[in-house]
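Whole structure, please, built from the sequences with the hints as guidance.
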Amino acid sequence: GAVVSQHPSWVICKSGTSVKIECRSLDFQATTMFWYRQFPKQSLMLMATSNEGSKATYEQGVEKDKFLINHASLTLSTLTVTSAHPEDSSFYICSARSEVAGFNEQFFGPGTRLTVL
Amino acid sequence: DAKTTQPTSMDCAEGRAANLPCNHSTISGNEYVYWYRQIHSQGPQYIIHGLKNNETNEMASLIITEDRKSSTLILPHATLRDTAVYYCIVRVANTGNQFYFGTGTSLTVIP
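Chains as they are written, first to last, in my numbering: chain A, -9 to 107; chain B, 28 to 138.
Simulated from the structure, these hints should not be mistaken for laboratory data. Check each hint, because a few of them may be wrong.
[Claimed, not checked] DSSO-like mimics (lysine-lysine), calculated; alpha carbons at most 30 Å apart, straight line:
(1) A:K54 to B:K30
(2) A:K4 to A:K31
(3) A:K31 to B:K96
(4) B:K30 to A:K45
(5) A:K56 to A:K31
(6) A:K4 to A:K45
(7) B:K79 to B:K30
(8) A:K10 to A:K31
(9) B:K30 to A:K31
(10) B:K79 to B:K96
(11) B:K96 to B:K30
(12) A:K10 to A:K54
In structure tokens form, the structure reads like this:
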């Protein structure tokens, strides 16, 4: 089946630093990837849609200059949290859209736990 | 995409069937019903989806009412590993569009 990985699985950083999270589709090509954020005891909130080779589309209220998304290849999208602050501490999840074998659906990564001190 | 309504939480005895309801009264004709679950601190896992006919796979069964305004996810023999938050989402299938998650149902399977 389609597998999506994320790296790192967890990260702790100091306030003011930048953190990069990778999302990879391991056995399929993904023209579109999505980034979600989940705070404790809350549901997943879509942050942005990332299309290979073009600029990401951000949901309302998500700062594009703070959450930099790069989708440079069909198997990799990165989310960089710039100048992270404690309020950015969250569970970040990506999903990748698969268009193989006539099945056009999304598969989710395992998530990355970010803690900003 | 249509909005869904689910109970906040449910309990189920281990080995019994877990029936998770979902209301989607504003569903459009071309929207499917999807079910995902999220075990604590993991990414969402696809369970099943359907349009109007009942569906069954190795994980669960999906029962959709004739008017499509509600559905029920059935886990036939719940185990402790089925404890998770279950999300019911309706959207147009095969578009690869983003999912908008509701609050889901927190299912606790009790030994």
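Outcome of the hint check:
As the CA atoms of K54 (chain A) and K30 (chain B) are separated by approximately 27 Å, the hinted pair is consistent with the 30 Å bound. The suggested pairing of K4 (chain A) with K31 (chain A) holds, with an alpha-carbon distance near 24 Å, which does not exceed 30 Å. Simply put, K31 (chain A) and K96 (chain B) have alpha-carbon atoms about 27 Å apart, close enough for the 30 Å limit, and the pair holds. The straight-line distance between the Cα atoms of K30 (chain B) and K45 (chain A) is roughly 29 Å, inside the 30 Å bound, and the hint therefore holds.
About 24 Å separates the Cα atoms of K56 (chain A) and K31 (chain A), which keeps this hinted pair within 30 Å; it holds. Between K4 (chain A) and K45 (chain A) the CA atoms are separated by roughly 28 Å; this keeps the pair inside 30 Å, and the hint holds. Taking the CA atoms of K79 (chain B) and K30 (chain B), the gap is near 17 Å; set against the 30 Å cutoff, the hint holds. The straight-line distance between the Cα atoms of K10 (chain A) and K31 (chain A) is roughly 24 Å, inside the 30 Å bound, and the hint therefore holds.
In summary, the hint linking K30 (chain B) to K31 (chain A) is supported, as the alpha carbons are separated by about 20 Å, within the 30 Å threshold. Distance check on the hinted pair: K79 (chain B) and K96 (chain B) sit about 10 Å apart at the alpha-carbon level, within 30 Å; holds. Straight-line distance between C-alpha atoms of K96 (chain B) and K30 (chain B) comes to about 11 Å, which keeps the hinted pair within the 30 Å bound. For a cut-off of 30 Å, the pair hint linking K10 (chain A) to K54 (chain A) stands: about 14 Å separates their Cα positions.
The structure is consistent with each of the numbered hints, conforming to all of them.
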